[in-house]
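Let's have the full structure, built from the sequences with the hints guiding it.
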Amino acid sequence: MAITVNRKPLSFWEKLYLPAIAGGLKVTIKHAYGSLFQGKVVTMEYPEQRWTLPKNYRGAPYLVKDQDGSTKCVSCQLCEFVCPPKAIRITPPGQDGQAADRANAEKMPKEFEINMLRCIYCGMCQEVCPEEAIFLQNDWSHIAHNREEMIYNKEKLLALGGTHGGIQKWKHKLEEAEAQESFPVKV
Amino acid sequence: MSTAATTETKPAAPVIEKIKVKVDGREIEVPRLTADWSGKLTPTTMIQACEQAKTDVPHYCWHPQLPVAGNCRMCLVEFGTPAMGPDRKPVINPDGTAKIAKSPRPAIACATPISPGMEIYTTTPAVKQMREGVLESLLINHPLDCPICDQAGECKLQEYSVDYGQSASRFVEAKVHKPKAVDLGPRIMLDAERCVLCTRCIRFTRDIAGDDKLGIINRGSYNTIATFPGTPFDNNYTLNTVDICPVGALTSKDFRFQMRVWFLKETKSLCTSCGTGCSTLLGSREEKLFRYTPRDNAAVNGPWMCDAGRLNYKWIQRADRLKEVQVFGKKNTWAGALYQISDRLKRAQAGSVAIIASARQTNEELWLISKLKAKLSAVSDSVARFGEADKLLVSADKNPNTNGARLTGICFTEIGSNLPQIAAGIQSGKIRTLIVFGEDVTKHGLSADLLAKLETLIVSDILPNETVKLAHYVLPGAAHAEKRGSFTNTKGRVQKFMKAVEAPGDARAEWEFLHELVHNVTGQNGFVTIEGLFNEMAKDVPAFNGLNWAALGDTGVTVQI
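As they're listed, the protein sequences go chains D and C.
Residue numbering for the first sequence is 1 to 187, as defined by the numbering used here.
Residue numbering for the second sequence is 1 to 561, as defined by the numbering used here.
Think of the hints as simulated: they come from the structure by calculation, not from any bench.
All values reported here derive from a predicted model rather than from experimental measurement.
The hints are all genuine.
Quick list of simulated restraints, FRET-style, between CB atoms:
| hint | chain 1 | residue 1 | chain 2 | residue 2 | range |
| --- | --- | --- | --- | --- | --- |
| 1 | C | T123 | D | E127 | 27 to 37 angstroms |
| 2 | C | G492 | D | P130 | 46 to 56 angstroms |
| 3 | C | R285 | D | P85 | 17 to 27 angstroms |
| 4 | C | A168 | D | N56 | 21 to 31 angstroms |
| 5 | C | G220 | D | P85 | 45 to 55 angstroms |
| 6 | C | K18 | D | I120 | 55 to 65 angstroms |
| 7 | D | P130 | C | E266 | 18 to 28 angstroms |
| 8 | C | T413 | D | R89 | 51 to 61 angstroms |
| 9 | D | E148 | C | Q524 | 48 to 58 angstroms |
| 10 | D | P130 | C | E531 | 41 to 51 angstroms |
| 11 | D | N56 | C | E154 | 31 to 41 angstroms |
| 12 | D | M1 | C | A126 | 49 to 59 angstroms |
| 13 | C | K128 | D | P85 | 37 to 47 angstroms |
In this text, a Cβ means the ideal position worked out from N, Cα and C, and glycines have one as well.
Structure representation (structure tokens):
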């Protein structure tokens, strides 16, 4: 059932509207005076000037390298699976693909593409990544001449992503295995 | 001809006494004896009773088609048997039911035979604790490689971890490390760290494949699956160990790092590499085929499949597939080519046409060709393809549908016996038109010079070859993965297969253009769906009488051949 809200009837001054117009003009004049004579600018010269983004801002997802400069992504394709707008496309290495640039985790994507036109910056890829290899960074503005350029490949994503240190579990496993020299059989 | 279409796979088994057991309080009747992996009758075990009661008992080492090993301990359950009094008579509760003496210790369900009145408990807190304990123990030295492991997504360790696992490991010591990426044989890669030592692979290759190549070496937590140094694991059934490996220890080199399994669409299909016709699943993603895996079919292949058949799929997506309809070397449309062909066939004199079909075609296609043959009074045959057979699955007949070609009347008992007659007919000028399906006849006694004498050479094929080069009309066909249809294997099992991927370019399933051609030439109405076509064929071909597409099911029907 509809509820009828009893409104307070407008007073005489309110019915005139003039005080409200005067109030609005006061704000406008205040800002005009501020920017004209006091240098208090409230707009920004975008794109030369940009906002300072808060920490943990969720912009475009990029791939990162570890502190040794190796690709962290192992091509598990979980981000491709979870990506709601299907922006991510990974080409696994296959059995004769390029060897990974780090020891022990012998898998690395042959190609890793993110279609930035599709990406909705939801952060699911970062959340699902078991390798801490993809992060939403503070880049939110993409410029390209055509649609193809908006599909970022592995090289570009790694260059934009930078370095993100971490526990390096594969390296740690390899060191642990090497420490077990007494392992009885070398096959 | 007898029309006894039957789904029975074996002669009637001897009558086996049924006994009553209770699984989680529900009473079911199970046979006292069950056939084991070798077909021998052995006492039914608790895990089999639970399976019949549709109660899931987690297990790693037990496999219905392998000898029982009982080493993984994952299937531990609690049970009880009717209590006996001092007078050796069952003790009866006040309410009239038999008193159950619960066993003080659990037992492994895979190796404990059932007895009358037995009660099996699979959901008690103790059973849950045991499963959690076993799983934690198996995971102690497991490397947790899931992100780079090909088994991820179809891994029993992952599945049971969801049910019985813990979110964090309590193990603080260093894990035992074992060799990774070990080359066991030409098609198999071993990661010893992931292995749970269930010995399924060892039992398979020793007892099923009959090639005792694998064993366990080293002691205690250093136990490792290995071959004897210098003897590669290379029999024709090695890839089955990849299927039965419950974890990612044994992986296929061919499928290694190709695609994550959860992306694969699995299509029920058949292997076309020999006359056995193993049931398969084709794994594809976005029109690309990635792998064949066997599909359980007790009447044909059980859960197994040979390596040669499994890896024989790459030709389907070769770049040089025929993709265009060609008329005298120029690209044309289906409508244009079929119009011209129908016109030529209608004007052809009776007896001046020969048809060489392929026993790699489906029953439906061969039947449509037989309609053309009847109308044109054509002479027809197919090409024989024989090779070596083995004891397990591989048949000597390398055509998947020789029996289909026989039953539809395309060839006779001795396949290929008409080919010299066709060659002679072309030589003498009696045969003016030749229709070839999927065979390179230049390799089967019809030389290029001979084919040049023909007025009309119509060729439908999948890949380019010498015959296609000489053809006046080229009709690009579809591989079995790109169409639906049915095959009749060497034992008369009629099985259907489904479409996994689209045919490239203008290529079309043969039955689609054949039904149009049959309609144009004979005036008989076409059948636009494969179901209708199969059902019509079943009415016409005596051996298939009484069959219909739906009744074939997933595993097929055996007909009298």
